[in-house]
Amino acid sequence: MTDQQPMSLVADMVKCDGHGICAWLFPARVELDDWGYAWVDPAPIELPGQLRAARAAVRACPRRALTLMPMRVPAPAPAHTVAR
Amino acid sequence: MTGRGLRTGAKVAAATAVVGGLGGFAAATWLGAAPVGRMLPWIVGRGLGIAAYLSLTALTALGLWLRHPWAQRWRFLSATTRVRAHAMLAAATLVLVIGHVVAIVADSFAGVGLRGAFVPGMSGYRPFAVALGTVSLYLAVLVGASAALAGRLVGRAWRPIHHIALVIFGLSWAHGLLAGSDTPRLRLMYAVTGGLVAVLAVSRRLVPAVRRAPKGRLA
Numbered sequence: 894m895t896d897q898q899p900m901s902l903v904a905d906m907v908k909c910d911g912h913g914i915c916a917w918l919f920p921a922r923v924e925l926d927d928w929g930y931a932w933v934d935p936a937p938i939e940l941p942g943q944l945r946a947a948r949a950a951v952r953a954c955p956r957r958a959l960t961l962m963p964m965r966v967p968a969p970a971p972a973h974t975v976a977r
Numbered sequence: 008m009t010g011r012g013l014r015t016g017a018k019v020a021a022a023t024a025v026v027g028g029l030g031g032f033a034a035a036t037w038l039g040a041a042p043v044g045r046m047l048p049w050i051v052g053r054g055l056g057i058a059a060y061l062s063l064t065a066l067t068a069l070g071l072w073l074r075h076p077w078a079q080r081w082r083f084l085s086a087t088t089r090v091r092a093h094a095m096l097a098a099a100t101l102v103l104v105i106g107h108v109v110a111i112v113a114d115s116f117a118g119v120g121l122r123g124a125f126v127p128g129m130s131g132y133r134p135f136a137v138a139l140g141t142v143s144l145y146l147a148v149l150v151g152a153s154a155a156l157a158g159r160l161v162g163r164a165w166r167p168i169h170h171i172a173l174v175i176f177g178l179s180w181a182h183g184l185l186a187g188s189d190t191p192r193l194r195l196m197y198a199v200t201g202g203l204v205a206v207l208a209v210s211r212r213l214v215p216a217v218r219r220a221p222k223g224r225l226a
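From first to last, the protein sequence lines are chains A and B.
Quick note on the working numbering: the first sequence kicks off at 894 and runs consecutively.
Quick note on the working numbering: the second sequence kicks off at 8 and runs consecutively.
According to the in silico footprint, chain B covers these stretches of chain A (three or more CB under 8 Å from chain B):
(1) 924-938
(2) 950-957
Among the chain A residues that face chain B by a calculated CB cut under 10 Å, a handful are:
(3) GLY911
(4) TRP917
(5) PHE919
(6) ARG945
(7) ALA946
Partner residues aside, some chain B positions facing chain A, computed with beta carbon under 8 Å:
(8) ALA86
(9) THR87
(10) ARG91
(11) GLY162
(12) TRP165
Don't read these hints as lab results, they were simulated from the structure.
C-beta atoms are modelled at their ideal positions from N, C-alpha and C, and glycine is treated no differently.
Construct the entire structure; sequences and hints are all you get.
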């Protein structure tokens, strides 16, 4: 993994207990739904400031429900693949 | 907290302090029925104290409401707005408490003084009651700082520290009741607000939570 690799915030909805600190620390990407559970925008986080906020949200979550992980970039299709 | 959040929080806190100070001043003169004149610093200090207490009540009640089982049935704000309002109320309470302490310390007739305000038991005016306020102030700084630094310096330790918030409210309630409730109207205010927070705190423990799957998240 390199620093240039786009990262994405992922929420484990089984662990999430609706404390809401993530929405306060990282409002650009985390909202709370009607029940107070985290609603995370899975778009890549590239700006350094947003990455810091995302890391703070991950570290602050009392239920450890948030993870910052490298985005899965789909492998390009082989050149010889024929579309059906 | 982001820079934008801090700026917004500062604006809201400043506006609340002005409105709270004026409202508290009006409340103190109406509730306390004290003559305004050379007692102006004392009235201002009391007014800011009442405003700070009411702001703390709203802060604590909203904090309890954030994860209250009843909040799942009666929704009056979105969850995101409630979290932001909780943080703004914390900033406003801090500003009002600072104003309260400065006004009381600056009042030479109050008998509290700088040492009395910051060293528990050193106040010439009702030392025990003032000490309760001093201790609650220190605990509030601890809780507020840990929440503000959540995810950075204190990681997820903000959460267990946050449980002290109810102790802070209890100490502030007793501080207000013992140091400044000299009229039946003020005692009624403390009874109503204390009862409100007590009902929310107990019911949050006792009412079974209705855990629902978030909409559109599970197949």
